[in-house]
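Fit chain B to the known structure of chain A by using the hints.
There are 2 protein chains.
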Amino acid sequence: MARKLSGTIIIATHNAGKLREMRELLAPFGIEATSAGERGLPVPDETGHMFSENAAIKAHAAAQATGLPALSDDSGLCVAALDCAPGLFSADWAVNKDFAPAMEKVERELQKRGATAPEQRRAYFVSALVVAWPDGHEEIFEGRVHGAVIWPPRGEKGFGYDPMFVPDGSARSFGEMSAQEKHGIDWLAAPDNALSHRARAFVALARACLEPR
Amino acid sequence: MARKLSGTIIIATHNAGKLREMRELLAPFGIEATSAGERGLPVPDETGHMFSENAAIKAHAAAQATGLPALSDDSGLCVAALDCAPGLFSADWAVNKDFAPAMEKVERELQKRGATAPEQRRAYFVSALVVAWPDGHEEIFEGRVHGAVIWPPRGEKGFGYDPMFVPDGSARSFGEMSAQEKHGIDWLAAPDNALSHRARAFVALARACLEPR
Chain A
1369 MARKLSGTII
1379 IATHNAGKLR
1389 EMRELLAPFG
1399 IEATSAGERG
1409 LPVPDETGHM
1419 FSENAAIKAH
1429 AAAQATGLPA
1439 LSDDSGLCVA
1449 ALDCAPGLFS
1459 ADWAVNKDFA
1469 PAMEKVEREL
1479 QKRGATAPEQ
1489 RRAYFVSALV
1499 VAWPDGHEEI
1509 FEGRVHGAVI
1519 WPPRGEKGFG
1529 YDPMFVPDGS
1539 ARSFGEMSAQ
1549 EKHGIDWLAA
1559 PDNALSHRAR
1569 AFVALARACL
1579 EPR
Chain B
1369 MARKLSGTII
1379 IATHNAGKLR
1389 EMRELLAPFG
1399 IEATSAGERG
1409 LPVPDETGHM
1419 FSENAAIKAH
1429 AAAQATGLPA
1439 LSDDSGLCVA
1449 ALDCAPGLFS
1459 ADWAVNKDFA
1469 PAMEKVEREL
1479 QKRGATAPEQ
1489 RRAYFVSALV
1499 VAWPDGHEEI
1509 FEGRVHGAVI
1519 WPPRGEKGFG
1529 YDPMFVPDGS
1539 ARSFGEMSAQ
1549 EKHGIDWLAA
1559 PDNALSHRAR
1569 AFVALARACL
1579 EPR
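Heads up: the protein sequence lines correspond to chains A and B, in order.
Residue numbering for the first sequence follows the working numbering, beginning at 1369 and increasing consecutively.
Residue numbering for the second sequence follows the working numbering, beginning at 1369 and increasing consecutively.
With the rest of the complex left out, here is chain A:
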């Protein structure tokens, strides 16, 4: 039985795009949320070898620093032909938070391997969510969305690698979708609508730890 979340929490991120999405996903629940960035908390070293490990590092650091439950997301783009790169290093491939060179590097590596056919361009986004409490308890949830990487990138919405990722079943990239489309219409009542990796991880989190207000 997972521990329930209520009252005020810390969202353990310094990433504005991620914070915006997580606030929207938390909106249906009576949760007050400030972020690690807004609270001026230091950015912990992400030394884990899995998304869930890095999410746990961030959530526990924020919970210890504030005495409040903390929610973190560690996420990335896994390109099959690149053995899950950029993966854990998805943010590191950006230059001064600009993901245009990061997307160019993904495409360059695919070209090196002659990966031009659609079946050679399979990829997925993954989100690991960790809720950590000040007493050290934690709950872990994961979500994935499979699709393909495209070139050139399309759309100005979202953040990170969104413009170069087209989820299966869609003709549009995440960069061409509103946050509501990525999260899914009424995703809480209709969890099958949850499209993005983060929304899918939130479905699991909501079932275990949250109650609609």
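Note that these hints are calculated values from the structure, not bench results.
It should be emphasised that the depicted structure is a prediction, and the values quoted were computed from it without experimental measurement.
Please note: incorrect hints may appear among the correct ones.
If chains are identical, the list can't say which one is meant, so a pair holds when it fits in one copy or spans any two.
[Stated by the list, open to error] Pairs of lysine to aspartate or glutamate residues, derived as EDC-like cross-links and limited to a Cα-Cα distance of at most 16 angstroms, are as follows:
1. K1372 x E1506
2. K1525 x D1460
3. K1480 x E1421
4. K1480 x E1507
5. K1465 x D1503
Relative to chain A, chain B alone:
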């Protein structure tokens, strides 16, 4: 047109198991090979985000240090449900070069995710081979073998994660196979026989850079 390899080369590894396999795979070609370990070369920092990047770091370091062409392998086990972990960190999960705790960690992470059904235990081994010359030229080759991870591990042969990996089409783990079975009978003349990730990468290397003596 790839550059050909001949004469004396350095095998840029400090891993005895890998060195043994690479010497066997090089045996059909008139190549003399010493290793970075035998030459007392330092172990370079593997700071890359892809297997091919880490292989390139090792090969260029050895080529620069010795003035000879250098061949390196960077390889690892990618478990799908773990988003390619241990992946780049495959060797790091060992404790004092003992892979028993590394295999236990893989199994523990799969158990955490309830990954007990065969389709949740898909994995592959990948090998990236890089040949680097002292003038900075490089050639890159990759090989993969898909299969599943098993528990408990089986067999005492091979090295690393071999005992917990069963390649597709086989009932036995890599730990239960001789090097000759992993490499494939007469793999040079019958490249479809190449079974292991490393043997498959060697097929590509041999076609491009080597000539049977």
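Item to complete: Could you figure out if K1525 and D1460 sit no more than 16 angstroms apart (CA to CA) within one copy, between two copies, both or neither?
Response: neither (20 angstroms within a copy, 38 angstroms between copies)
Item to complete: Give the relationship of K1372 and E1506 under a CA distance limit of 16 angstroms: within one copy only, between copies only, both, or neither.
Response: Answer is within; shortest intra-copy Cα gap is 11 angstroms, inter-copy 55 angstroms.
Worksheet item: When no copy is named, should K1465 and D1503 be tagged within, between, both, or neither for a Cα gap of at most 16 angstroms?
Response: Neither, since 33 angstroms and 35 angstroms both go past 16 angstroms.
Worksheet item: Is it within, between, both or neither when you check K1480 against E1421 at 16 angstroms Cα-Cα?
Response: For K1480 and E1421, only the inter-copy Cα distance (13 angstroms) is at most 16 angstroms; the intra-copy one is 31 angstroms.
Fill in: Intra- versus inter-subunit Cα pairing at 16 angstroms for K1480 with E1507
between (40 angstroms within a copy, 11 angstroms between copies)
When each numbered hint is compared with the structure, violations occur for hints 2 and 5.
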